[in-house]
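Colleague: Build out the structure end to end from the sequences listed, making use of the hints.
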Amino acid sequence: MSPQLDILKGNLDLMVLQTLQVMGALHGYAIARRIEQISGDAILLNQGTIYASLVRLQQRGLIRSEWGVSSNNRRAKFYSITQHGSHRLASSAQNWQQLSLVMARFFAAQKEPQQ
Amino acid sequence: MNDSLRAFLSRLRALFSKASLDRDFDDELAAHIELLTDENIRSGMPPDEARRAALVKLGGVEPARELHRDTRSLPFLDSLLQDLRYTFRTLRRDLGFTTFAILIVGLGIGASATVFSVVNTLLIRPLPFRDPTSLVWVANSPDALGLSDQSMQVGHFLDLREQNKSFSDMAAFFAFYGVGDNKLTGTDAEPERLTSVPVSQNFFSFLGVKPQLGRLFTADECKWNGPRVVLLSYGLWQRRFASDPNIVGKSLTLDDQPSTVVGVLPASLDFAAIFAPGSRIDLFTPFPLTPETNRWGNTLAVIGRFNPGATVPTAQAEFTILSKRIAHDHPERNDLHASVAPLSSHVSGRLRPALIVLACAVGVVMLIVCANLSNLLLARSASRQKEIAIRAALGAGKARLIRQMLTESVTLSCCGAILGLFFAFLGTRILAHLTSVSIPLLSDVRMDFSVVGFTALIAILTGILFGLFPAFQVPGITLHDTLKDSNRGSSQGHGHAWIRSALVVSEVALACVLVVGAGLLIRSFLRVLDLDLGFHPERAAALRIDPDSSYDTQQKRNAYFTQALHSALEIPGIEAAGLTDAVPLGHNRSWGVRGKGQVYKRDEYPDGYVRIISDGYFKAMGVPLRAGRDFNERDDLNSQKVIILNETLARFLFPGQDPIGQIVKADDPERTVVGVVGDVHHLALEEKAGNEFYIPIRQTEDFGSVDLIVRTSLPNSQLVPRLREAFKTIDPTLATGTLRTMQQIVDKAASPRRFVVLLLAGFAAFALVLASLGIYAVISYSVSQRTQEIGIRMALGASAQKLQASILLQTLSLAAIGILIGIASSWALARAISGLLFGVTATDPTTFVGMLILLTAVAALAGYLPARRASRIDPMSALRSS
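Taken in sequence, the protein lines are chains A and B.
Here the first sequence stands for residues 258 to 372, where the numbers follow this note's numbering.
Here the second sequence stands for residues 3 to 884, where the numbers follow this note's numbering.
The set of hints was computed from the structure by calculation and includes no laboratory data.
There may be inaccurate statements among the hints.
What the hints assert, rightly or not - No farther apart than 20 Å at their CA atoms in a straight line, the calculated lysine to aspartate or glutamate pairs in the DMTMM-like style are these:
1. B:LYS20 - A:GLU323
2. B:LYS59 - A:GLU293
3. B:LYS750 - B:ASP446
Modeller: The following block contains the structure:
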């Protein structure tokens, strides 16, 4: 796997977590839709990849799942974030914000004329 | 719990709940597609189009499934499990092959694991003492044969202990303890003769042994004429005293005198297994290191413990100097040439070459097993070509196919290893219970973790080794040809026909090496059994009959001896009876001995093995009288002091003269030679007699034990009650438990050699069977491949005899190459076992020719069966079968 894709994978997991944190319990399709809506189609190449992310998160105990019924009466599996997941999300989000601030400053600095 | 550990565990779990996880995910995907389709319909697509778009959006069902599967589980393990399931299915289908393969791997691994456990116990595992690597055996002289040369005088021991700087401490035990030295009476049970070892006060603390009950000896108890105390061995405590927890402080009647039990030693101390293999030690008594015991001469077996930094060479250098100085300071003492060696090599060093030979032999057996299975797998892979080709056509990669084949072979060898562990368990149990085999530590041989680990390693290595050829044969199978080809062709066989022939040739060669080695050792063993020992062990038996304490003067004891001999001779069926203090192949002591007037330098002073005997001994043992007369009852205190020499000593002391009537000085009085007897192999079966001399028991008090030797046709079961009856008046507490036939004694002395020979012969036989099976398999395979060709030949008029002959010729030429290589390697390797041989040279032509004939005969037989089958092929059906 190329390093770029690897970074993508980790970020996808984080986006799923954030989605569940904000939206509460959702099924896989709804999570995929939500990520598409927010990110444009840049992150999800196809919706099937969302399930790999969900398996990874569940195996780490960050989310849990439960079969239920959707708003239009379809049986679907609903995922929700665990307490462990919330903690992990909080610390990851903080890291991300710090990192993106720093990165933004770097990129801004590059554009300044040389002294 | 750590996140990644948690993830790993749930991945592992996922391996085993595959079906339900798959179903669950399928449901989830279906829901996803439906939700997506619903939405597409809502946005105005026609239903068909909506569903198609949904599938595209998802990226396809199958990729999603695969991604899900790989993510949730461990893909490598998953495919391994798949391979294993497939393996078990194919192996179950071919039950005959599977059973056979598992059986021979099982036998091979069982043998390897058993030999490993012996090697592990004797050569690898440290002795069961505290800090065993620092323990050193200190012999009195470097290449000691008899006990007197091994052991040291008390004064020397004390001086060495005090003056040396190499050892932190030294301890000793009395080397001349005898089997059944002490008679236990006064309990409810039968009187019994026990074996006790007198030890120096520090002996057990020196070895790091703590008593199970009670305490060790005190300094007071180790004084001359100190209080009589004993330590019980764990075995005696269990057996005779029913593990009585209150035994400490109780009094036993030993040799008619009370002795106090001060303690019980732990089960972990197996003195006999280390220092006196094949015997039983019951008790330990204190041995005083005093001027009194110093006068007894060389008595102590000595062990030292290195100071940190000391090594064998440095200690040897110090002890050589110390020995010279002490010997110089004490000309009144015996010689001293102290020689140090690691205790472990003293205990099992003598067996090291034999064990190495056994280990190599078992390695060769494993190689033959591998070659054999390789061959079988090759034959199988030939008949499985289609299956493999189909798998390849369906997309299995080369690596995956090779892995599948290796999985099969390793699975086979691991199943074999489980069976092998079972065999090894039986094997080690049998070995550990061979009480009559005098191999040190044999009773400690058992299965432990190192044996199981070794087995696992061997199993995997074996599996990879014998799977390698067949596995790499796989990619060579070309898809197109194989699938196109019907049953007709045998063209594929050419590539690995020669591999299979090479495997058989190497099997025969390896088996040849083993068979020749075993042949040489068997011949040596027969030579040893055939030896003229100088006495006739058959129909002779020995029983301890030491006079008890009521015979308290030499006169009374002499009267006891006379009466004992008369009583024994009165028993019908006893032809001869005599007494001795040294039963052959047991303990030995040697004294200086010279003819009157002969002068020798100190270091050249001749010595000889001394035996204190009575009249009738030579007749009972079957030792031939060469000249002069036997002792008789009148050779007692009041008559002329006499001595009998063996031929070697007579020749040495009086070369070219008549020894009868010469005066010899050995112990105190000068003695007149009255007879010369034949040499007796007294030290060991394979050792020559050396100088021996005999002193009448009625003319000395210098003996530690008395054995009655009888020559009789009575079986033991009748001999025992009759002896007890005959001794009723003179020794009402005669303990008959120690009755041993001389044949038992000889067998025990031959037991280490027999042990090695039996194992090696077993391995060789197994190798021979495997090699013949290998030949049989290859030849019958080639016959079955050539069925049509044979059919055509027969249809064209070839005779059955001619066919048989050509197939036999094929067999024998394979075997001949193998035997040639095998004989050449044996010739080179036999020198390595020359140290184990006796009476045959390493290149003994009889053995080589004999084994050549044996191997050829076996090969011919293995080839004959398929040849006969080939000659019975019906040409019509053979041609029609395609």
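Colleague: Looking back at the numbered hints, which does the structure fail to meet, lowest number first?
Modeller: Violated hints: none at all, because every hint is consistent with the structure.
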